[in-house]
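Chemist: From first to last, the protein sequence lines stand for chains A and B.
The opening position of the first sequence corresponds to residue 4 in the working numbering, with each subsequent residue numbered one higher.
The opening position of the second sequence corresponds to residue 1347 in the working numbering, with each subsequent residue numbered one higher.
Hints were generated in silico from the structure; no laboratory data involved.
Backbone N, C-alpha and C define an ideal beta-carbon position, used for all residues, glycine too.
Not one of these hints is a red herring.
Simulated restraints on C-beta separations:
1. B:S1443 to A:P11: 25 to 35 Å
2. B:E1386 to A:Q20: 18 to 28 Å
3. A:P11 to B:V1365: 32 to 42 Å
4. B:R1359 to A:A56: 49 to 59 Å
Here's the letter readout for the chains.
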Amino acid sequence: DTGVSQNPRHKITKRGQNVTFRCDPISEHNRLYWYRQTLGQGPEFLTYFQNEAQLEKSRLLSDRFSAERPKGSFSTLEIQRTEQGDSAMYLCASKSDDNEKLFFGSGTQLSVL
Amino acid sequence: QQPVQSPQAVILREGEDAVINCSSSKALYSVHWYRQKHGEAPVFLMILLKGGEQKGHEKISASFNEKKQQSSLYLTASQLSYSGTYFCGTEIFGDSSYKLIFGSGTRLLVRP
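Extracted from the complex, chain A is given alone in its bound form (with noise of 0.2 Å):
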């Protein structure tokens, strides 16, 4: 179990930069979640995968935002024409049907500029 990866850690970008973030989640793990937590707040729901179907993403959530998780591997989440508003950790996270917990990830820190 080398637990969830994720890349890059920190990511600092102008305003109006499009932006990529991977996540490599545990192996057998065929739910994938996407979360965004700010200075002070719980994470936030963004999205979730089961398997390569994105089956759920908030209503909250702009369409600059896109996931992807194809063969159900790796996951993406890009942000495109980033705002100073985008800035925060985003966590990427995963588990198994068989068991109730949730793994997180380290995150990747954005600052957009």
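Position chain B relative to chain A; hints supplied.
Modeler: Positioned in the frame of chain A, the structure of chain B alone reads:
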């Protein structure tokens, strides 16, 4: 839909006890408790799946009142390492995604 946690912050002396509460307006399937230290990922503490069930992890335990849609986390004889922000994550009953909806957290500081 977001659960409400209380208190927002707690300061303890080492060895003192604390209780953190989590309350939801929705019927719950489960409650998960996590602890997060600054700059790190949330770390799983425990899951409560049944009404009234109490689970323990060393000197940390929790209860889940299914009827009241509430959970409480009990920290006894606190240690310096307990400092951090505690989050409850709730699974809404009937939600097939099993996603967790997190509260805004309780910041705990344990002083020597």
